[in-house]
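Asks: Quick mapping for you: the protein sequence lines, in order, are chains A, B and C.
With my numbering, you'll find the first sequence wraps up at 301, consecutive numbering, no jumps.
With my numbering, you'll find the second sequence wraps up at 670, consecutive numbering, no jumps.
With my numbering, you'll find the third sequence wraps up at 873, consecutive numbering, no jumps.
These are computed hints drawn from the structure, not numbers from a lab.
Being a predicted model, the structure only gives us computed values, none of them experimental.
Heads up, some of the hints might be wrong.
As the list claims (entries may be wrong) - Computed spacing ranges between beta-carbons, pair by pair:
hint: 1; chain 1: B; residue 1: 505; chain 2: C; residue 2: 856; range: 56 to 62 Å
hint: 2; chain 1: B; residue 1: 424; chain 2: C; residue 2: 791; range: 44 to 50 Å
hint: 3; chain 1: B; residue 1: 543; chain 2: C; residue 2: 778; range: 54 to 60 Å
hint: 4; chain 1: A; residue 1: 163; chain 2: C; residue 2: 790; range: 25 to 31 Å
hint: 5; chain 1: A; residue 1: 285; chain 2: C; residue 2: 795; range: 55 to 61 Å
hint: 6; chain 1: B; residue 1: 664; chain 2: A; residue 2: 234; range: 27 to 33 Å
hint: 7; chain 1: B; residue 1: 414; chain 2: C; residue 2: 678; range: 33 to 39 Å
hint: 8; chain 1: B; residue 1: 471; chain 2: C; residue 2: 832; range: 44 to 50 Å
hint: 9; chain 1: C; residue 1: 767; chain 2: A; residue 2: 141; range: 39 to 45 Å
hint: 10; chain 1: A; residue 1: 234; chain 2: B; residue 2: 489; range: 37 to 43 Å
hint: 11; chain 1: A; residue 1: 163; chain 2: B; residue 2: 509; range: 30 to 36 Å
hint: 12; chain 1: B; residue 1: 664; chain 2: C; residue 2: 790; range: 34 to 40 Å
hint: 13; chain 1: B; residue 1: 416; chain 2: C; residue 2: 795; range: 49 to 55 Å
Stated by the list, open to error - Covered stretches of chain A, going by a simulated chain B footprint (3 or more residues, C-beta under 8 Å):
hint: 14; stretch: 32-42
hint: 15; stretch: 47-56
hint: 16; stretch: 64-70
hint: 17; stretch: 187-199
hint: 18; stretch: 249-259
Backbone N, C-alpha and C fix where the C-beta goes; we use that ideal spot for every residue, glycine too.
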Amino acid sequence: MTAQPTDIATYNFAYLDEQTKRMIRRAILKGIAIPGYQVPFASREMPMPYGWGTGGVQVTASIIGPDDVLKVIDQGADDTTNAVSIRAFFKKVANVAVTTETAKATIIQTRHRIPEHPLTAGQVLVYQVPIPEPLRFLEPRETETRKMHALEEYGLMHVKLYEDIARHGRIATTYAYPVKVEGRYVMDPSPTPKFDNPKMHRSPALQLFGAGREKRIYALPPFTDVVSLDFEDHPFEVQTFDQPCALCAAENVYLDEVILDDHGGYMFVCSDTDHCEKRREQGHRGHLAPESPLEKTEPAQ
Amino acid sequence: MYVAVKGGEAAIANAHALLADRRRGDRSVPALRLDQIVEQLALGVDRVMSEGSLYDRELAALAIVQARGDMIEAIFLVRAYRTTLPRFGYTKAIDTGAMLVERRVSATYKDLPGGQLLGPTFDYTHRLLDPELAAGGDVAEPLQRASEAEAMPRVSAILAREGLIEPDGDMPQDHIPGDITREPLEFPMARDIRLQALSRGDEGFLLALGYSTQRGYARNHPFVGEVRIGEVELELDVPELPFAVPLGSVRVTECQMVNQFKGSAKAPQFTRGYGLVFGQSERKAMAMALCDRALRATEFGEDVVAAAQDEEFVISHSDNVQATGFVEHLKLPHYVDFQAELDLVRRMRAEHDARENAGRAEEKREAAE
Amino acid sequence: MDIATQAIEGGFADPVFDAQTVFRAVMDAMARPGTLQPLPVFARPPAPLSATAGAIALALCDNDTPLWLDLVLQPPAAIKSWLGFHTGAPLANTPADAHFALIATPAEMMALDGFSQGTQDYPDRSTTLILQVSDLVSGAPLLLEGPGIETTATIAPAQMPRHFVEQWKQNNQRFPRGVDIILATPEGVACLPRTTRIKTMEA
């Protein structure tokens, strides 16, 4: 005998109810109007755990429409399990078109990376944010950090960065590197590598940040000044890699280190899988690239 | 040659299939029915309703079986469903004084109006595993007698008549209770908001914090004025109707903790700690009451010296759905960030080694001279 | 048509997708100040509340957002009951309590600083003003710059508030506090978030 599903539990269209969407939409508008300021919002429980991108999912669910084309990446890749899972969620609840191609997407939800392909006007980049408060690890209390933002009192952050220099000879922050927005709010860019920070500066795309567990939304409108904090004698610099991508030979992109064997063999490949595949389609070959062109990965429709 | 790993979608689908298989287990064993869980694992159902903030036994039972008995996972399932439900309104505050009581004990009085009612408690069971239960033996019907319909005033009300305990909350008349599921938390918070957060807070977390107050980390000299468990009526005010509409009843556990009052110029009187949860859970209601009292430290001019008194600390970390999510999310890929750290450590290591080598070379040179 | 019928009719035909379309237009307008984001007619509110302003209210307002109506919109009972029926938004007791303000005659409106400006701790707790204007070309030209604008943008909204440029400069100076403006025209929406600076105003 096959058990029939009962009508014991049913869910609304697009998962979020309309009242929740309105609440989130209002928060997004405030976020855009006050770039870098974290707008508190009544984050809902989502059908995926806190930490899996509930903030980003709520933001995407609130802005997405039937004409949108969605791309979801995690660590720069479209095929990491959680990216696959979130993409499948939106296909299921919003019946929306999906893509892996950065240029074709109208909404890109991301965890930990900004795509290598330059974003354009009309695109929205939605970041999943674990800890939105850039001062949180310096001051655990919300009551205190809120005051610091209100008074534009960011000395603590500079002290932290300076202590880094004293101890390590350099600023030892490599990801979630704090930025100052339009000369006012210090903002956490989410745990993207600092390599990606310059891409945020005056991007033509709208950038929205959702932190579900911490119940904050913030935003960077297009063409907004985003400056990584630094010191005159220790200017901000991004990571550089000594070798190009082993598959597509790209330089000046962010690379993942892949362990090849247990004898210390490793190689570096593009973290942005779409970028890497596009380059290989165009005939670029790295020194470890397979002979035959790679099969293209499209998410199942 | 290297080919990157692909096929996340298939892997996820297969994992779900395997999960479904493991959940069902040996097919020769009959599948659990929800009514079996509702009836026979009732306290588990109660915990899921309480921390899931949704009073629905059947859904809670479904969540428990779907979660393979993982209570936090079940609570999460219920929360994620609850959040999609439309909000029709807010009931009137329940009157626990008018509760149809099944259990009621007071530690502060030997006897009191309405009496002490042990009810269905583990308290005096000898914790000996019961082979008869394992064999599925019949259970005799309990003894029943007609209710005496004696009023059962709350102990706090008895104390209040003498002015020996502080009044029951001092919210202004026009105060509209907040709703933590509809508004973002803000610190410091009003007590109504805090109590909501505690009521859905993790039982284990509140238990440990409550325990810590007893061991001297913000000791507040608690007495269980009363614990009562039973059914209370729910009523909804509808603007179009001249009377409140009865909606049915829910089972709750309430704990009124009577605590010592320290300091201040006010007349000496006891203070309160309050706990209220869905279903039957004395442990949770009592732990909540201890935490509530500890968190009122600032209100009474007490020094905040312990974790249980620290509102931001307690409330920000009491939600087990949030906590489990953020702890467990560490297993998601972080290799982009790790790469950034790896790069930094390698560079710093290289510099360190260079310095060491230079130092050793210097030592050698000096020794040779 | 009696008020009861007027109150019920003229809402979104498709609440989910209409609200999403209107919101996206407002979001894009807020993200790119000075651009007109076109909107079809989704709502038919009682006059003098415009279709665009009405649609924005339906998309963004509900019982969590006290609403302020200007002197022209306050008297008609039909408007209050239409907004009440479709959004559930309560009317704000004072402009400073309002999350949103609907302004049918911006030229006559009270000063911007009479609305909620938010606080230094919570600058988001400010009033968003929805101004009905007939177009973005026939008024005094405003040269805009700031976040969301690559270099500069120019709009010339009609019927703007008195001393608007001076009032807006003061609004800028209150940053991060301040009000944000949504301009509702028959063709669509444009926005002036508090970060937008009006560079010069030609005569």
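Asks: Would you mind marking each hint as holding or not holding in the structure?
Replies: Hints versus structure:
For residue 505/B and residue 856/C, the hinted distance range of 56 to 62 Å is satisfied, since their beta carbons lie about 60 Å from each other. Between residue 424/B and residue 791/C the Cβ separation comes to about 48 Å, which falls inside the hinted range of 44 to 50 Å. In this structure the supplied range 54 to 60 Å is violated for residue 543/B paired with residue 778/C, their Cβ-Cβ distance being about 43 Å. A hinted range of 25 to 31 Å for the beta carbons of residue 163/A and residue 790/C is consistent with their spacing of about 28 Å.
A hinted range of 55 to 61 Å holds for the C-beta pair residue 285/A and residue 795/C, which are about 56 Å apart. Remark: the range hint 27 to 33 Å for residue 664/B to residue 234/A is upheld by a beta-carbon distance near 31 Å. Checking the proposed 33 to 39 Å range against residue 414/B and residue 678/C shows it is violated: the Cβ atoms sit about 55 Å from each other. The beta-carbon spacing between residue 471/B and residue 832/C, approximately 47 Å, falls within the hinted interval of 44 to 50 Å.
For the pair residue 767/C and residue 141/A, the beta carbons lie near 29 Å from each other, so the given range of 39 to 45 Å is not met. Judged by the Cβ atoms, the range 37 to 43 Å given for residue 234/A and residue 489/B holds: they are separated by roughly 39 Å. Take residue 163/A and residue 509/B: their Cβ atoms lie about 34 Å apart, and the range 30 to 36 Å holds. A hinted range of 34 to 40 Å is violated for the C-beta pair residue 664/B and residue 790/C, which are about 59 Å apart.
For residue 416/B paired with residue 795/C, a C-beta distance near 52 Å keeps the hint of 49 to 55 Å intact. Coverage of the stretch 32-42 of chain A by chain B holds [criterion: at least 3 residues with CB-CB distance below 8 Å; count 3]. For the stretch 47-56 of chain A, the stated coverage by chain B holds: 6 residues have a C-beta nearer than 8 Å to a C-beta of that chain, and at least 3 were required. With a threshold of 8 Å between beta carbons, the proposed coverage of the stretch 64-70 of chain A by chain B is violated, since 0 of its residues qualify and at least three are required.
Counting residues of the stretch 187-199 of chain A whose C-beta lies closer than 8 Å to any C-beta of chain B gives 5; at least three are required, and the coverage claim holds. Under the rule that three or more residues need a Cβ within less than 8 Å of chain B, the assignment of the stretch 249-259 of chain A holds, with 5 such residues.
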